[in-house]
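*Asks:* Chains U and E supply the protein sequences, listed in that same order. If you use this note's numbering, the first sequence corresponds to residues 1 to 704, in order. If you use this note's numbering, the second sequence corresponds to residues 705 to 1126, in order.
Each hint should be verified, as a subset may be incorrect.
[Unchecked claim] Lysine-lysine pairs mimicking DSSO-like chemistry, simulated, CA-CA at most 30 Å apart: (1) E/K727 to U/K365; (2) E/K727 to U/K361; (3) E/K923 to U/K370; (4) E/K725 to U/K370.
[Claimed, not checked] Reference listing, derived: stretches of chain U covered by chain E, where coverage requires no fewer than 3 residues with Cβ under 8 Å from a Cβ of chain E: (5) 351-358; (6) 374-380; (7) 386-398.
[Stated by the list, open to error] Taking CB as the label site, the calculated pair distances span: (8) E/G747 to U/V686: 54 to 62 Å; (9) U/V344 to E/R1058: 36 to 44 Å; (10) E/Q929 to U/E416: 54 to 62 Å; (11) U/A188 to E/E828: 53 to 61 Å; (12) U/D130 to E/E926: 32 to 40 Å; (13) U/A575 to E/P819: 53 to 61 Å; (14) U/G485 to E/G747: 27 to 35 Å; (15) U/S699 to E/E926: 51 to 59 Å; (16) E/K923 to U/S582: 34 to 42 Å; (17) U/D130 to E/E1126: 53 to 61 Å; (18) E/H1104 to U/D130: 41 to 49 Å; (19) U/S345 to E/H1104: 50 to 58 Å; (20) E/P819 to U/P251: 33 to 41 Å; (21) U/V344 to E/K1018: 20 to 28 Å.
Keep in mind the hints are simulated off the structure, nothing from the lab. None of these values were measured; they are calculated from a predicted model. Just so it is clear, CB atoms sit at the ideal spot from N, CA and C, and this is done for glycine as well.
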Amino acid sequence: MKAMYTMPPDESGVAHLVLDQSDAKINKLSGAAMAELDALLGSELVSPNIKALVVSSRKPGVFIAGADITEIECIETEADAFEKSRQGQAIFTKLAALRYPTIAVIDGACLGGGLELALACSFRVVTDSDKTKLGLPEVSLGILPGWGGTQRLPRLIGLVQALTMILSGKPVSGSKAERIGLADALVAHEFGAEKAYEFAECCLTGKGRRAILKKRQWHWAGYLWPMRGIIFWKAGANALRKSKGHYPAVPAILSLMKETGFGKIDRGMEKESRAFSQLATTLICRNLIGLFHTDQLLRKETGVASEVDPQPIHSVAVLGAGVMGGGIAWLFSYHNRSVRVKDVSWDAVGKAFAEAAGYYKQLIKLRKVKPHEVALNMHRMTGTLDYSGFDDADMVIEAIVEKMAAKKAVLAEVEEAVSVDAVICSNTSALSISEMGTALKNPSRFVGMHFFNPVNRMPLVEVIAGEASSDQAVASVVALVRALGKTPIVVKDSPGFLVNRILIPYLNEAGLLMQEGVSFERIDRLAEAFGMPMGPCLLADETGVDVGFKVIQELTAVFAPRLQAAPILQKMIEAGLLGKKSGGGFYLHEGKVRTVNPQALEVVGAVGASAVSDAEIIDRLMLIMVNEAAMCLQEGIVKRVDYLDMALIAGIGFPPFRGGLLRYADERGIPEIVRRLNELKTTCGVRFQPAELLMDGRSFYERI
Amino acid sequence: MSSRLAIVDGTRTPFCKAGGKLKSVQADDLGAFAVKELLARTGFPAGEIDEMIFGNVAQPIHAANIARVIALKAGLPVDLPAYTVHRNCASGMQAFTSATGVAVVGGTESMSNIPLLYGSHMTELFYHLNRAKTLAQKLKGLAAFRLRFLKPVIGLEQGLTDPVCGLIMGLTAERLSRDFQITREQQDEYALESHHRATRAIEAGRLAEEIIPIPISPKYTEIQQVDEGPRPKQSMEDLQKLKPYFDRKTGTVTVGNSSQITDGAVAALVMPEEKAKALGLQPLGYLHSHAYAALAGDRMGLGPVYATAKLFDKTGFSLDDFDLIELNEAFAAQVLACDRAFSSHEFARIHLGRDQALGGLDPEKMNVNGGAIALGHPVGATGARLIVTLLKELRRRKLHRGLATLCVGGGQGAAFALEVDE
Chain U
1 MKAMYTMPPD ESGVAHLVLD QSDAKINKLS GAAMAELDAL LGSELVSPNI
51 KALVVSSRKP GVFIAGADIT EIECIETEAD AFEKSRQGQA IFTKLAALRY
101 PTIAVIDGAC LGGGLELALA CSFRVVTDSD KTKLGLPEVS LGILPGWGGT
151 QRLPRLIGLV QALTMILSGK PVSGSKAERI GLADALVAHE FGAEKAYEFA
201 ECCLTGKGRR AILKKRQWHW AGYLWPMRGI IFWKAGANAL RKSKGHYPAV
251 PAILSLMKET GFGKIDRGME KESRAFSQLA TTLICRNLIG LFHTDQLLRK
301 ETGVASEVDP QPIHSVAVLG AGVMGGGIAW LFSYHNRSVR VKDVSWDAVG
351 KAFAEAAGYY KQLIKLRKVK PHEVALNMHR MTGTLDYSGF DDADMVIEAI
401 VEKMAAKKAV LAEVEEAVSV DAVICSNTSA LSISEMGTAL KNPSRFVGMH
451 FFNPVNRMPL VEVIAGEASS DQAVASVVAL VRALGKTPIV VKDSPGFLVN
501 RILIPYLNEA GLLMQEGVSF ERIDRLAEAF GMPMGPCLLA DETGVDVGFK
551 VIQELTAVFA PRLQAAPILQ KMIEAGLLGK KSGGGFYLHE GKVRTVNPQA
601 LEVVGAVGAS AVSDAEIIDR LMLIMVNEAA MCLQEGIVKR VDYLDMALIA
651 GIGFPPFRGG LLRYADERGI PEIVRRLNEL KTTCGVRFQP AELLMDGRSF
701 YERI
Chain E
705 MSSRLAIVDG TRTPFCKAGG KLKSVQADDL GAFAVKELLA RTGFPAGEID
755 EMIFGNVAQP IHAANIARVI ALKAGLPVDL PAYTVHRNCA SGMQAFTSAT
805 GVAVVGGTES MSNIPLLYGS HMTELFYHLN RAKTLAQKLK GLAAFRLRFL
855 KPVIGLEQGL TDPVCGLIMG LTAERLSRDF QITREQQDEY ALESHHRATR
905 AIEAGRLAEE IIPIPISPKY TEIQQVDEGP RPKQSMEDLQ KLKPYFDRKT
955 GTVTVGNSSQ ITDGAVAALV MPEEKAKALG LQPLGYLHSH AYAALAGDRM
1005 GLGPVYATAK LFDKTGFSLD DFDLIELNEA FAAQVLACDR AFSSHEFARI
1055 HLGRDQALGG LDPEKMNVNG GAIALGHPVG ATGARLIVTL LKELRRRKLH
1105 RGLATLCVGG GQGAAFALEV DE
């Protein structure tokens, strides 16, 4: 294997270092690649004939994608991590110390270690290609840039921009890189090579170099007290608000950059290595890297065992223009697919347009789209009361009322209206796909496609293969969901499918806890402290208490006696406290402010000085989910353990730093989980009867 | 018989008063709504379309060659050529007669969005300021400013004024009212009847058959389903209360007995008859033949008489050959003047070179679902609406042939012979 090669200097003295990993589609800075670079820096690259060096990549769309993540994963001890970071820094320091100017020509992804390499060059030239992205995403893996990134970046682009890039982990485009001073020149992608060479020639003379350096700005704010203090205070408050204190990399980055950035870079480098080594061995880092691998795996997942070509889906029809129908229509229009929405009245159809326009309004605010693009995307939507235009659709998605008879009737009609090869989907959250499919003459093209509300924010889509669903249809839905930027997870057709089946016992347990006199505020506070994006009672408010209760009842019918609806929810519904939509549920919602609803306190009744401890509350909420998840695995509802973890992260926002529900269970140890379940079984009832699967004490991740 | 043009289907947006419900929707968006719904309803494959031709009068500055903009907004293939046609009020008809192969045709107009313009003084001031290099030059430029420079040129008014004879359209109608001695009362009676007929057509659901409800962009909080113009409670008393608008002292033409300023779009799918037959389509109807004629601009309202005469000469048809007539209601005075001219032997002799009058226009056959006085007159779209409305009514009544004719600002007329086969 070879990661790079050099080209000797031409008559002007410009040499080339070309990154071109021989056995891969992208360049990665593995240990071997770094060693190769080190060797070159000690031999060919110190040739006295070289007057300038152009560093570029031969991989289309990639400069360097980053360090090799599996190598980070293999780090065992802090000392190991420290050593690895120091080694990398030393190599880049050699690169930075070359006696001739070095120019990184970036035409594609330049991330993590790749950007740290580019930062060690004297100059950076970027192209305006869409694929050019420069960033330090380490924070999303629970670590920080450990090869000098935290030191060189603020010195180049100033503290404010550097903190933004390192704390958010978000990459910047080529044009933005040039604007903030990360790159010295922006060139057209199509003329990249020529322009880069011109730039290198310019670097050959002192005059040329000075002209380039003159364009760089000195970012004084980062060196001046009190500006420096204000910058850290603002950045810290922002980042901690977003990470809620669950991600130690964030405070680590802040304190490292606060302590360093002045004076000699060497001392900063050592501190960087120290901070890196502390993070790289944490469980959180391991969890986040685990999720990264699951994500990579899911990207390649076809969802079916056989090899089939997914059908391309260009146009869809959606039945039912409610909140879900509108959200789905928005998603398709946003991804430039034509979508025809059918409902029974024009007022109803109008709601879908309003729903979609609402999502676009948010996107305009976030500057993700421009108003004229919204106008075009909205034109991808049409409304209808009849089945006209359905014969053009490659796919139909049913999102009408959750009643089996109604859905069957509509599906039978739909089948008459669509072309013979259109895929037919149902967005049901609970009803059996196999049974619904019996309404069709050809149930093999029928698949469940369960979106979560709100469609724009929830990345998960459960793809449900019914008994009759063909691999072709399932694979088409999976490929489509991925093209829509969502995470598809194939699950078996069973009540509640995967996510709701695990979520519902958790919501119900919150109800039972309330009945025992635990205040809902306390429950929510504890769940949020655990890392859930919102507590179960607030979640009920958001989705509608009645909606949640309906699903609980449906699942109770199947899973009794271990699931029994908490009567308190019924009382809430009777009191008309349905959540946000009815003006108030457990909380009163005024804009973004929420206060405890005094009416709800009345309904919930006496909040005793409950004897239930904080730890017990969390155990009851989490272990009931772990247990149900174990049963799902037992029944083969989902193919892999890590897919289940990903489904809960993408579907209900289970905290990623915990690596997923099952990683959390593994961390506590299965024997411990079983012991706690047995204890809870005695105190709380049979619903905590440990699942069969847990009995052998093997961890979940051993089962992959 | 020469080849006919098959009109496979046609549809339109609701017509809404300028400054009304659709004021926020630009002409290109109106057109796109009509076109995409037309294609959804006909189910005709977009890849089989050869060209797209749209009529538009005001030609909004943000959408040069509006036909092409509409095509792309409606999601038609990027390799579909498109062009815009302009024959003033007949632009929507011109789109049909320009079509050669399989074409999406129609007309669109957002009269709400015809801009106000800076006058020549203000334009010149801006020009000077732009070129001024020194502060002194700038100040000198600014010093030339007078408050009256801010008086806008009203685009709509300019557009409706004939630059050759200098008359605004309403005054050409006043001419006809004098020429043919059409009283204010007769005009108001005619206008009232137009509202009654349109109202009945809406109540019976006849207009809904040609209308596609559209969401009101850019907010999308509402769906507009019906025409805004017809007034079910219109009374003769209220019409008579109105002051003459164009000739305030001696005139008879009021806003009540004129067509309304309106936003709307119409789209239709057309192709040669043989092609439709070969594809096994069942077209809504056919364009058998047509004629455009021209006359003096100050009497442009008589355009239908000249055009129809020309059509008869060309085809040998007479009025008896037509079961229904759509004669655009630019002004009540103008419709009534046409009626007199149609029935006048003298007019036929002097102006049309015919011995005999063309024949009287039977009110029971003409504008049976109301006309532009009630429904409105989005100038670029009206011509296309007449065709679609007429064909749908012929089909409803199981009749065979209809005449769609309209007057054109600047002094022209158009007449189309349309047919429905059973």
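*Asks:* Each of the hints needs a verdict: does it hold here or not?
*Replies:* These are the hints, each one checked on the structure:
{"no.": "1", "hint": "E/K727 to U/K365", "verdict": "holds (24 Å)"}
{"no.": "2", "hint": "E/K727 to U/K361", "verdict": "holds (20 Å)"}
{"no.": "3", "hint": "E/K923 to U/K370", "verdict": "holds (15 Å)"}
{"no.": "4", "hint": "E/K725 to U/K370", "verdict": "holds (25 Å)"}
{"no.": "5", "hint": "351-358", "verdict": "holds (count 4)"}
{"no.": "6", "hint": "374-380", "verdict": "holds (count 6)"}
{"no.": "7", "hint": "386-398", "verdict": "holds (count 4)"}
{"no.": "8", "hint": "E/G747 to U/V686: 54 to 62 Å", "verdict": "holds (58 Å)"}
{"no.": "9", "hint": "U/V344 to E/R1058: 36 to 44 Å", "verdict": "violated (56 Å)"}
{"no.": "10", "hint": "E/Q929 to U/E416: 54 to 62 Å", "verdict": "violated (27 Å)"}
{"no.": "11", "hint": "U/A188 to E/E828: 53 to 61 Å", "verdict": "violated (40 Å)"}
{"no.": "12", "hint": "U/D130 to E/E926: 32 to 40 Å", "verdict": "holds (37 Å)"}
{"no.": "13", "hint": "U/A575 to E/P819: 53 to 61 Å", "verdict": "holds (56 Å)"}
{"no.": "14", "hint": "U/G485 to E/G747: 27 to 35 Å", "verdict": "holds (30 Å)"}
{"no.": "15", "hint": "U/S699 to E/E926: 51 to 59 Å", "verdict": "holds (57 Å)"}
{"no.": "16", "hint": "E/K923 to U/S582: 34 to 42 Å", "verdict": "violated (25 Å)"}
{"no.": "17", "hint": "U/D130 to E/E1126: 53 to 61 Å", "verdict": "holds (57 Å)"}
{"no.": "18", "hint": "E/H1104 to U/D130: 41 to 49 Å", "verdict": "violated (59 Å)"}
{"no.": "19", "hint": "U/S345 to E/H1104: 50 to 58 Å", "verdict": "violated (37 Å)"}
{"no.": "20", "hint": "E/P819 to U/P251: 33 to 41 Å", "verdict": "violated (56 Å)"}
{"no.": "21", "hint": "U/V344 to E/K1018: 20 to 28 Å", "verdict": "violated (49 Å)"}
Violated hints for the displayed structure, listed by number in ascending order: 9, 10, 11, 16, 18, 19, 20, 21.
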